[in-house]
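Asker: Sequence:
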Amino acid sequence: MRMKYVMSEVLVGLWRNVTMTIAMIITMAVSLTMLGASGLIYTKVADMKQLYFENIEVSIFLDAEVTDEQRSALATQLESDPLVSQVTYVNKDEAFQRFQEMFRDSPDLLSAVKADQLPESYRLKLVNPEEYKTISDQYTSVEGVDQVVDQSQVLDKIFNLFTAGQNIALVAAVAMAIAALLLVANTIQVAAYSKRREVAVMKLVGASNWFIQAPFVLEAVVAGLIGSILGLGALIALKIFLFDGALSALQGLFAPVSWGEVFLTFPVMAGVGGLISAVTAWVTLRFYLRV
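Residues 1 to 291 (UniProt numbering) are what the sequence shown spells out, left to right.
Treat the hints as calculated values from the structure; they're not laboratory data. Backbone N, C-alpha and C define an ideal beta-carbon position, used for all residues, glycine too. Treat the hints with caution; some may be incorrect.
What the hints assert, rightly or not - Listed next, with one range per pair, are the computed distances between beta-carbon atoms:
| # | residue 1 | residue 2 | range |
| --- | --- | --- | --- |
| 1 | ARG98 | THR67 | 23 to 33 Å |
| 2 | ALA64 | ASN128 | 52 to 62 Å |
| 3 | SER85 | ILE22 | 51 to 61 Å |
| 4 | VAL18 | GLY233 | 47 to 57 Å |
| 5 | LEU161 | VAL18 | 21 to 31 Å |
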């Protein structure tokens, strides 16, 4: 009987302040959507870093006047280096073939470059790709070496851009969450004020604090859960229309977002939305009603 009364009061409370309830649900949905999206971005950037680092090569380009002794000494040093897992020597002809394949759509550039103009090089796979700076420092000054180049120098700039996007999304999510919390608190205050006489009567007849507070707290929890469902719908739309739609041509560059990852965000969104709403409502009641 008590549970039935509490649930009926929840429905009545949500309908009594329907405009504020809708505003609370929408604000919660937006903040939870941004929270879920920022979480997906964090995991995808981490996956991309791991994927790219696994395929990073360090290229050691040799001087045009490198001697056989210098070349041989460098090869011996590389093969015995514990940081290097694989060494591949690329002569000028092989370098020219790679150049032709890479720039096959630029005939003017191909015609301007001859095979003997490209340097010899050693292509290295590292045991730990994140130690590329150690390799660069170690071999830049070796005799016969012109320069040491690794793809991570470019990737670092890309990942810095992604990290900035992560931080912006997270800050926006936190700002929206604060707005949602304030709206939840305001809604609960209005609901409690509209029922202040009922609350006073219930206290007089000996109703417990939990029994009085439960309908208000559950109103906030229901709004938070509905907001998380709407947030899940927004993430599904983002996957369909953005990741699988507009960005589908870049799937080779970006780690794909799976349906499993999208749906796994829902328990987190629902937990955060429901728990934060419940705590906010309870704290508001403690300070506002003094029950």
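Asker: Which hints, by number, does the structure contradict?
Answerer: Violated hints (numbers, rising): 2, 4, 5; every other hint is consistent with the structure.
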